[in-house]
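Chains as they are written, first to last, in the working numbering: chain D, 1 to 637; chain R, 1 to 163; chain V, 1 to 103.
Because the hints were derived from the structure by calculation, they are not lab data. Careful: at least some of the hints might be erroneous.
Said to hold, decoys possible - What follows is a list of derived Cβ distance ranges for each label pair:
hint : chain 1 : residue 1 : chain 2 : residue 2 : range
1    : R       : E142      : V       : H9        : 46 to 52 angstroms
2    : R       : M73       : D       : L600      : 33 to 39 angstroms
3    : V       : K90       : R       : L69       : 21 to 27 angstroms
4    : D       : G598      : V       : I82       : 38 to 44 angstroms
5    : D       : V611      : R       : V109      : 26 to 32 angstroms
6    : D       : V634      : R       : M73       : 42 to 48 angstroms
Please read all numbers here as calculations on a predicted model, not as lab measurements. Here a beta-carbon is modelled for each residue, glycine too, at the ideal position from N, C-alpha and C.
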Amino acid sequence: MIDDPLLKVLPFAVLLMPLAGFVVLALFGDWIRRDKEETGAGILACVTVLVSFGLAAWTTVRLYGLVAGPSRLRFSQPYLGFEWMEAGGFRVPFSLLVDPLSCVMMLVVTGVGALIHVYSLGYMAHDEERVPYFSYLNLFTFFMLLLVLGGNLPLMFVGWEGVGLCSYLLIGFWYRKQSASAAGLKAFVVNRVGDVGLILGMAFMFHALGTLDLVDIADNAGSLAPEALGELGPATIACLLLFLGATGKSAQIPLHVWLPDAMEGPTPVSALIHAATMVTAGVYMVARLGPLYHVSETAMTTVAVVGAATALMAATIALVQTDIKRVLAYSTVSQLGYMFLACGVGAFGVGIFHLYTHAFFKALLFLGSGSVIHALSGEQDLRRMGGLWRRIPWTFGTFVVGALAIAGIPPLAGFFSKDEILLAAIGRPVLFGLGLFTALLTSFYMARLVFLAFFGSFRGGREAEHHVHESPWVMLFPLVLLAIGSAVAGFVRIPRVVAPVLRLEEHGVHHVAWLPVVATLTAVAGILVAYYLYQAVPGLRARLAPALRPALRLFEAKYHWDDVYDGFVRRVVVGGSEKVLWTRFDAGLIDGAVNGIGALTAALARTLRPVQTGLVRHYALLVLAGAVALLGWVFWS
Amino acid sequence: MDAALFYFFAAVAVVAAVVVVSQRNPIYSAFALVVTLCSLAAIFGLLGSPFIAAVQVIVYAGAIMVLFLFVLMLLNVRREVDRPGGRDRILAGVGLALVTLLVLQAGTVLLGSRRAPAADFDASTTEMAKILFSPVFLYAFEATAILILAALVGAVVLAKKEL
Amino acid sequence: MDHASFVNHAVLLSLILFSIGTLGVFLRRNAITVLMCVELMLNGVNLAFVAFSRQWGTLDGQVLVFFVMVVAAAEASVGLAIIIALHRHKDTLDLDAFDLMKG
Chain D
1 MIDDPLLKVL PFAVLLMPLA GFVVLALFGD WIRRDKEETG AGILACVTVL
51 VSFGLAAWTT VRLYGLVAGP SRLRFSQPYL GFEWMEAGGF RVPFSLLVDP
101 LSCVMMLVVT GVGALIHVYS LGYMAHDEER VPYFSYLNLF TFFMLLLVLG
151 GNLPLMFVGW EGVGLCSYLL IGFWYRKQSA SAAGLKAFVV NRVGDVGLIL
201 GMAFMFHALG TLDLVDIADN AGSLAPEALG ELGPATIACL LLFLGATGKS
251 AQIPLHVWLP DAMEGPTPVS ALIHAATMVT AGVYMVARLG PLYHVSETAM
301 TTVAVVGAAT ALMAATIALV QTDIKRVLAY STVSQLGYMF LACGVGAFGV
351 GIFHLYTHAF FKALLFLGSG SVIHALSGEQ DLRRMGGLWR RIPWTFGTFV
401 VGALAIAGIP PLAGFFSKDE ILLAAIGRPV LFGLGLFTAL LTSFYMARLV
451 FLAFFGSFRG GREAEHHVHE SPWVMLFPLV LLAIGSAVAG FVRIPRVVAP
501 VLRLEEHGVH HVAWLPVVAT LTAVAGILVA YYLYQAVPGL RARLAPALRP
551 ALRLFEAKYH WDDVYDGFVR RVVVGGSEKV LWTRFDAGLI DGAVNGIGAL
601 TAALARTLRP VQTGLVRHYA LLVLAGAVAL LGWVFWS
Chain R
1 MDAALFYFFA AVAVVAAVVV VSQRNPIYSA FALVVTLCSL AAIFGLLGSP
51 FIAAVQVIVY AGAIMVLFLF VLMLLNVRRE VDRPGGRDRI LAGVGLALVT
101 LLVLQAGTVL LGSRRAPAAD FDASTTEMAK ILFSPVFLYA FEATAILILA
151 ALVGAVVLAK KEL
Chain V
1 MDHASFVNHA VLLSLILFSI GTLGVFLRRN AITVLMCVEL MLNGVNLAFV
51 AFSRQWGTLD GQVLVFFVMV VAAAEASVGL AIIIALHRHK DTLDLDAFDL
101 MKG
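This is chain D alone, in the form it adopts within the complex (with noise of 0.2 angstroms):
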C-alpha cells in the first residue's frame, strides 16, 4: 500500500467534485430557471465534471509517479477518519481504495461523462429542464465514481444503488410521457431484483470470509479451497448471488429487460449510461471480486455461459430492430455478454479492457446516432432515413469510426479488446464458437444500420428532407474526441495494467497466428452481406424473407422475455396479491381476528348478561355464596 497524502485527499476530491455540482443546481435550480441562466448552469456541470476528470488524471499520474512497493501492486486506501457502520467483528469505514483497475475505470467515467456533459449542451439546449437534467447527470457521475472508487462492498452498492436511482431519474426524464415514465420504472425494478442477489451476496461473502473490504478480499481469495463444479460452497454461492445482481445492473439474461426501454430517455443518457458506465459496473464488481470467482468453477462457468448467450441473443434481436437506438441497445447487452464471457473464463483484465475500449465506441455511436436524430428533428425510425453521408459529413465519418470499431477491424480498439476475448476462450470450443458467430452479427447488423441510415436515398419524406441540418459544434467535438479514442484506445495494454490487481499471474501471451486473422475476416464477411442485403442487391431480402420468417419472428418478439414476465407479474403477483393475500389474509384473517374480537367481546357478553337479574334477593344469596366461599377458603386452606 502507497502512503502518500495528496493520494489519500485527491480521491475525495474527485468524488466531491461532482456532488457539488449537483448540491449547486437541484438548491439553486429555481433562481437559474428565473434568471434565464441555464446554460451557465449546463456549463457548470460540465466543468465539475471535467475538473474532476482532471484531478482524476492527476491521480493515476501520482500513483505511477511514486515507487511501489516490492508487490507490483499499487494502491491507496484514502479514508474519511470515521465508520459508517461498526458492530462487533463487522466494520464498515468510510474508506477509498485507489489502483490501477479503479483509475481505468475513474478515467473512463470522469472522461467520457465530461464529453457527454459537454454534448449535452447541445443536445439538450431547446428543452424546458435542462437544468435538474444536469443536475441528475452530475449526481450520476458522483454516484458512479462513488461505485468504481469504494473500498468496501457496502460502499459500493450505496454507489450501486444511486446509480440505479438516476437512471430511472434519467429515463423518465420526459415523464409526461407514458411510456418514458413506465420504462423508467421497470428499469428500477428490474435492477432491485437483482439487487436481492447483491445484498445476500454480500452477506454470504461476509460470512465467506468475514471482511467486506475489497483489498481484504482480494488477499484472502486466494486461501480459500477451490469449489468443483456442481459443489455448493460458500464462495459459489456468494459469487452467484452477486453475480445475480451484476445481471440486473448489467442487462444480462435474465434481467436485461429494462436496457432496450430506457431508450426513451435522452440519447445523452444512453450514451453516459447504458453504454459507458453504468451498464459496466456489474463488470466492474465481478473483475473485482475475480480472485473469489476464481475459486468456484459453478460461478465462473454460469458468468461465461450466460454472457456468451447473451451475446448472442442480443445479437440476433439487434438484426430485426427498426429503431437506431434499439439496435445500439441489443447491442450493448450483447457487448457486455462478451465482457462478462472474458471474466467467465478467467480473463478478467480482457473483459475490463472490452469495458474500456466499449465506451468509447459505444458513447460515440449512441451520441452520434443523437446527432442523427437531431438532424431529422427527432426521427428515430430507420425505415425514414437513408442518403444522410453527404448532409451530415461529421456526424457520418465519426459514426463509421465507431461501427468499424465495434465491428472489430483493425487497428481500431474493439479489434485489440474483441480478439483478447476470443483468444481466452480458445480453450473452450462451444464458447469460442459462439463468441466468432456473434462477432459476424454484430458487424452485420451494425453495417445494416450504417447502410440503412446513411446511404441508399432518403426516405423520410420531402418536409424532413428540407430540415436536415448537421449538429452544432458542441455535439461534434465530442464525436470527434471520441472516434479518436476509439481508434487508438486499443493500444493501451489495458490487461497488463490491471492484472496485479486482479492477482493475475501474466501468463505468457501464447499468441494464436491465425485468430487476429479470422477475427477480421469474420468482421469483414459481416459487412458485406450486409452490404449486398441492404445496398447492392435490393431485392434479396424480400426473397429470403419467408425462409427466415419463424427466426425473424423470434427475433421481433424478443424471445418473449417481456411477455413471460409481463404475464407472470399481471397473474402471480398481481392477481395473487389481490385474490389471495388481500382478501383470504388481509381482510379474512387480519380483520377477521381483529372484528372477532369485538364480536366475542359482545357475545361473551351478552351470555353473562342474564346474571343481573336486578333481584335484590338473588342478589343476596351472591353474597352469601361469596361469603361461605371465603370462609371455605380460610377454612381449609
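Given the coordinates of chain D, work out where chains R and V should sit on it, guided by the hints.
Just chains R and V, lined up with the frame of chain D:
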C-alpha cells in the same frame, strides 16, 4: 336450673324464628320476632348480662319492633302475593345448601373450643358503664349518638311525601 | 352467676338463629319481612358475642353487642323509611317487582 331455663327459652326462640320466616302475614312474623327477642333477652340474663338483656327489651323489642309494626299498619300490608315459581324452588335449594355449608364451617370453628366459662364474671350495669365511658370506647359511644341523629334525619327525609 | 355450662350451646343456638334468618332473607318476597329476618340474623350474632364474652370473661363482647343494637336501630329506621318510599312509588312491597337494574 339455669340450664333447663336456657333450653326452654332456646326452644321458644327457635320456634318463633321459624314462624318469623314462614308466616305469610307479616304482622304474625313481627309478633313472632318479638317473642324471639324476648327469649333472647332471657338468655342474655342467664348468661350473666343483665344490662344487655335490659337494653334488648327496651331498644329492640320495645322500639324497633314497634317501629316495624307502625310501618306495617301504615302500609296496610296483608298477605304476600303468592307466586309459585320454579325459580323460587331452585333458589331455596341452593340457599339451603349454602346455609348448610356455612353452618358446618362456622360451627366447626365456633364450637371447637373446650374452654370452661370464666369464674368471676361481672357484667352489671356499673361495670358496663365503666367500660363504655372509658377512653377505649368513649369515642365510639359518642359517635353512635351522631349516627342515630343522622339516621333520624335520613328517615324523615326519605319518608316524606314532599320535601 | 356460676358455671354456665350451656355457653357452647348458646353459640349453637346463635348459629341456628343466624341460618334461619339467612334463609328468610332470600326466600321471602315481602320487603319488611326481609328486614325482620335481617334483625334475626343480627340477634343471632349478638347472642354469639354475649356467649363468648361470658366464656372469656371480658366485657368487650358486651360492648360490641351494645353497639350492634344501636346500629341496628338506625339501620331499621332508615330501611323502613326507604320501604315507605318504595311503596309510594310502586304500591307493592314485592321485592321482585323492583327490577329496573335488570340486564
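Hint-by-hint comparison with the structure:
Range check, E142(R) to H9(V): about 36 angstroms between beta-carbon atoms, so the 46 to 52 angstroms window is missed. For the hinted restraint 33 to 39 angstroms between M73(R) and L600(D), the CB-CB distance of approximately 55 angstroms leaves it violated. At roughly 22 angstroms, the beta carbons of K90(V) and L69(R) sit within the given window of 21 to 27 angstroms. Checked against the given bound of 38 to 44 angstroms, the beta carbons of G598(D) and I82(V), roughly 40 angstroms apart, stay inside it.
Roughly 31 angstroms separates the CB atoms of V611(D) and V109(R), a value that falls within the hinted 26 to 32 angstroms. For the pair V634(D) and M73(R), the beta carbons lie near 44 angstroms from each other, so the given range of 42 to 48 angstroms is met.
Going down the numbered hints, you'll see the structure goes against 1, 2, while the others check out.
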